[in-house]
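Participant: Listed below, chain by chain, are the residues.
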Amino acid sequence: MAPELMRAICDEVVTRILANADELTDLDQAIGDGDHGINMKRGFEAIAAQAEEICGLPPGAALQKAGMTLVMKIGGASGPLYGSMFIAMGKAMTAPPDSQEDLAASLAEGVEAVKKRGKSQAGEKTMLDVMVPVLAAIDQPTDDPLNAARQAADRGLEATKDMLATKGRASFLGERSIGHLDPGARSSALLVHAVCDVLEGRA
Amino acid sequence: MTDAAQETSPETAPVTGEAVVRDPTGLHARPAVKLTKLAKGFDATIEIRDERNDRWINAKSPNAVMKLRVASGDSLSIRARGAGAGPAVAAMVALIERNFDG
Amino acid sequence: MSEHVAIVIVSHSPDVAKGAADMVRQMVGSEVSVAWCGGDPTGQLGTDVAAIQAAIRSVNGPMGVAVLVDLGGAETNSEMAIEMMADELQGGVVICNAPIVEGAVMAATEAAGGAALDAVRATAEEFLS
Chain A
1 MAPELMRAIC DEVVTRILAN ADELTDLDQA IGDGDHGINM KRGFEAIAAQ AEEICGLPPG
61 AALQKAGMTL VMKIGGASGP LYGSMFIAMG KAMTAPPDSQ EDLAASLAEG VEAVKKRGKS
121 QAGEKTMLDV MVPVLAAIDQ PTDDPLNAAR QAADRGLEAT KDMLATKGRA SFLGERSIGH
181 LDPGARSSAL LVHAVCDVLE GRA
Chain B
204 MTDAAQETSP ETAPVTGEAV VRDPTGLHAR PAVKLTKLAK GFDATIEIRD ERNDRWINAK
264 SPNAVMKLRV ASGDSLSIRA RGAGAGPAVA AMVALIERNF DG
Chain C
306 MSEHVAIVIV SHSPDVAKGA ADMVRQMVGS EVSVAWCGGD PTGQLGTDVA AIQAAIRSVN
366 GPMGVAVLVD LGGAETNSEM AIEMMADELQ GGVVICNAPI VEGAVMAATE AAGGAALDAV
426 RATAEEFLS
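Line by line, the protein sequences give chains A, B and C.
Each residue of the first sequence is one higher than the last, beginning at 1 in my numbering.
Each residue of the second sequence is one higher than the last, beginning at 204 in my numbering.
Each residue of the third sequence is one higher than the last, beginning at 306 in my numbering.
These are calculated hints, taken from the structure and not from any lab test.
Among the clues, some could well be false.
As the list claims (entries may be wrong) - Pairs of lysine-lysine, DSS-like flavour, derived with a Cα cap of 27 Å:
hint, chain 1, residue 1, chain 2, residue 2
1, A, LYS115, A, LYS91
2, A, LYS161, A, LYS119
3, C, LYS323, B, LYS237
4, B, LYS270, B, LYS243
5, C, LYS323, B, LYS270
6, A, LYS119, A, LYS65
Extracted from the complex, chain A is given alone in its bound form (with noise of 0.2 Å):
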């Protein structure tokens, strides 16, 4: 993976994130503690003050590089949960990705991660919900990878709509918690909008 196909993603993220923390903001205001937006926002202009010398590493060391940052820096519930993600799709990259076999056999430990630390399954109202169907998308052989990983979030994020909260201070509103969307999974839709299109040449 070239640096600047890394630069590239970086930067899509960062300027995905923080065009939209006001809506995560409100997301989380709705079911939450309403920080979502303000933690990610800092998180991830975290990362963009190292763009430089994240994106100067292998893949697997920047992603865990990344991650580090969004753990030290976030303070929320979500610092370690992205970070963990991060860190272990960095841990399992000891070669640059360079397939789509890649890619999903490192998002798969990824997805463990956040699992193990948020003690979750996808079901349950959180950034899961995005992220598990994303991984069943292009864990398989697929024409379209990039389509199929988007309209995975995309489905994923709106079935968290319906859903109950158990985890995370959602769940403190029990029944109230349906009906709105949850910030996490939107977050994590918002981050694979951003490294699809970027990898498909659209943005």
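Dock chains B and C against the given chain A, drawing on the hints supplied.
Facilitator: Using the frame of chain A, we list chains B and C on its own:
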């Protein structure tokens, strides 16, 4: 007051004592912590019982002592077995009679 | 400080964390080391992995450390902090599934008696059972 000052083994009769809790709020959190800390300093098995409750509980368990909900004016029975049982009961009675040192 | 399990209190709020630590010191005494941290890296409500690590480090000893946390992110960030410093920890470090104030007082009381880390955690967790 302490009935027996002699050392006892687990098989023999326990050393026993009794004291009245005088703090207006009873054996609340802070005295309960003091009592369990004192009890933990002894090797003997130490149990207490509130006069309104028939159950003996482990005096070294802060949770059990707090959940006993001892009220002001309640008489607490203390019994201990094993090494240092006599001094343990005497020290427990003394702490309660000193009103847990304020 | 090495003969007792130490206590670390991690809250979203530095005031809550400090208050809980004050209660432990006043109720249980000073023989058990207590460290606290609260607030995110910018000082807002939240938790900070680096600050959690610093708190654990400040009281770390061979008997281990019992960590008391408040809401969600405090637990997740504490787990992350502990995993990241696994190499430098002498005794074990465990997170107690207990209310932060009551759990801290119970854990410290048990620790004051010289109990091992497992017993300290069990006593903290027993509070709600």
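Participant: Under the constraints set out in the numbered hints, which ones does this structure not fulfil?
Facilitator: Every hint satisfied by this model.
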